[in-house]
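Asks: What follows is the residue order along each chain.
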Amino acid sequence: MCTNSTHIAICSIIPPVIMEKIAENGTARQKELAYQAISVGGQLRGQREAIMRVGAFKGTSAGTKRRTVFDAQHGQSLPGKLVRGEKDRKSSDISVNEAFTGSGKTYDFYKMVYNRNSIDDSGMRLDSTVHFRRNFNNAFWNGQQMVYGDGDGQIFNRFTKSIDVIGHELTHGVTQFTAGLEYQDQSGALNEHMSDVFGSLLKQYSKRQTAKGADWLIGEGLFASGIRGVALRSMKAPGTAYDDPLIGKDPQPDHMSKFVKTTSDNGGVHINSGIPNKAFCDLAISLGGNAWTKAGRIWYVTLTEKVKPLTQFQEFARMTFDAARSLFNADGTEQVVKTAWAGVGVKI
Amino acid sequence: MRIRYARSGGLANIPLEFELDSKQVSGSKARDLKQLIEKARLFEQPAKPPISRSAPDQHQYELTVEEGGRTHTIRTSDMAASPELLSLLDWLSGEAVANLKKKAGRS
Numbered sequence: 003m004c005t006n007s008t009h010i011a012i013c014s015i016i017p018p019v020i021m022e023k024i025a026e027n028g029t030a031r032q033k034e035l036a037y038q039a040i041s042v043g044g045q046l047r048g049q050r051e052a053i054m055r056v057g058a059f060k061g062t063s064a065g066t067k068r069r070t071v072f073d074a075q076h077g078q079s080l081p082g083k084l085v086r087g088e089k090d091r092k093s094s095d096i097s098v099n100e101a102f103t104g105s106g107k108t109y110d111f112y113k114m115v116y117n118r119n120s121i122d123d124s125g126m127r128l129d130s131t132v133h134f135r136r137n138f139n140n141a142f143w144n145g146q147q148m149v150y151g152d153g154d155g156q157i158f159n160r161f162t163k164s165i166d167v168i169g170h171e172l173t174h175g176v177t178q179f180t181a182g183l184e185y186q187d188q189s190g191a192l193n194e195h196m197s198d199v200f201g202s203l204l205k206q207y208s209k210r211q212t213a214k215g216a217d218w219l220i221g222e223g224l225f226a227s228g229i230r231g232v233a234l235r236s237m238k239a240p241g242t243a244y245d246d247p248l249i250g251k252d253p254q255p256d257h258m259s260k261f262v263k264t265t266s267d268n269g270g271v272h273i274n275s276g277i278p279n280k281a282f283c284d285l286a287i288s289l290g291g292n293a294w295t296k297a298g299r300i301w302y303v304t305l306t307e308k309v310k311p312l313t314q315f316q317e318f319a320r321m322t323f324d325a326a327r328s329l330f331n332a333d334g335t336e337q338v339v340k341t342a343w344a345g346v347g348v349k350i
Numbered sequence: 002m003r004i005r006y007a008r009s010g011g012l013a014n015i016p017l018e019f020e021l022d023s024k025q026v027s028g029s030k031a032r033d034l035k036q037l038i039e040k041a042r043l044f045e046q047p048a049k050p051p052i053s054r055s056a057p058d059q060h061q062y063e064l065t066v067e068e069g070g071r072t073h074t075i076r077t078s079d080m081a082a083s084p085e086l087l088s089l090l091d092w093l094s095g096e097a098v099a100n101l102k103k104k105a106g107r108s
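Protein chains in written order, with this note's numbering: chain G, 3 to 350; chain B, 2 to 108.
Any given hint could be a false lead.
[As the list claims (entries may be wrong)] Reference listing, derived: stretches of chain G covered by chain B, where coverage requires no fewer than 3 residues with Cβ under 8 angstroms from a Cβ of chain B:
(1) 137–151
(2) 161–170
(3) 237–249
Quick caveat, the hints were computed from the structure, so don't treat them as lab data.
Small disclaimer: the values here were computed from a predicted structure and weren't measured.
The beta carbon of each residue, even a glycine, is placed where N, CA and C say it ideally should be.
Work out the full structure, taking the sequences as your base and the hints as a guide.
Replies: This is the structure:
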């Protein structure tokens, strides 16, 4: 690979150590080119460590919060132009700042509450790309980084606007590095459920809300004006987040008796996640206090220590029961877990 | 050319469907569409992406094109589609939303 600019030509023959120096000390353009070169080289050689050391986070090291934001400039290439690193000043672009701040809050949440050091628990740098494509009504985790669209202004606003969406996307990364839940049917719905749970807990933690006082909404504020809806999903009352002539009605079920069998959306991963979402929300409210302390701890341990790629709802519920019993020395918490699952039609 | 466009999945999972006959499109829109169709080389696109592993929150697209007795269906996603195909998909998404707004009396 060889990339040219008016200032520097970077080819893969340059040793990574020198490339890293360029990435740390070069001009903005040189940093960007060096990052791209090392990123591609790292992917080819499977040397993620090389990428991890580099970039716009001069003065930071693995094990600390490291964020990088890129601008796709409405194109389709990733990661795009480097626009903000860990030590850089605030941008004049609101999407850049929201992606930067949101990923930082997500890092802090996982570190402070669950002692997890970034997505991979090894200090992985949090990369985000904003302004992806034109009028793009989506945000996703591509296996390596977050990607955010601006929305079309007709149905959606920019996707960095909602902090729980940022937490949702980063949690897809956590799931990838832990349970590896397959993104299809029930295991896929659990993958989505995990992202909604920790996305919502991030928002609650940021606002220091109790489980009872939280709104349990995912993607609040994302809908453009005129759309009749409060959010993309409601964990507290699945199926009630929106009802609009343009986009239809929220299709999430709140009970196993309403489980939706479909081939679209990878077997309804964003639909049937409503069932475990409600179980978690009901559990957290029943336990009282802050949802991230007990309910969140049970789910975190279940995700990182028990869940397998093809785990189904019933098995998952049993795992949360077992996790609650061992975490809280059979103090009765596990019975509250059992009741919450029974409420959505999942028997332990 | 007749085009049937369907999108599912994505973080919001709001399905979108749209059908058009390129002969019914006129003016600058027709020129844009013609250019996008030519660049996307629809009949040369594989029916499925070479890597079909599902990735979280990506849109899934199904595009069926009919022309001169030939029919071809393409299934792809946000990360699997070629840049040229993505440009056409984005154009069709915009048209699908405009069509929905018209039907809902919000245009």
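Asks: Against each hint, give a clear statement of whether it holds in the structure.
Replies: Status of the hints after comparison with the structure:
1. Given as covered by chain B, the stretch 137–151 of chain G passes the check, having 9 residues with a CB less than 8 angstroms from a CB of that chain where 3 are the minimum.
2. Look at the stretch 161–170 of chain G against chain B: 3 of its residues bring a Cβ nearer than 8 angstroms to a Cβ of that chain, three or more, so the hint holds.
3. Figure legend: the stretch 237–249 of chain G, annotated as covered by chain B; annotation consistent (3 residues with Cβ-Cβ distances under 8 angstroms, at least 3 required).
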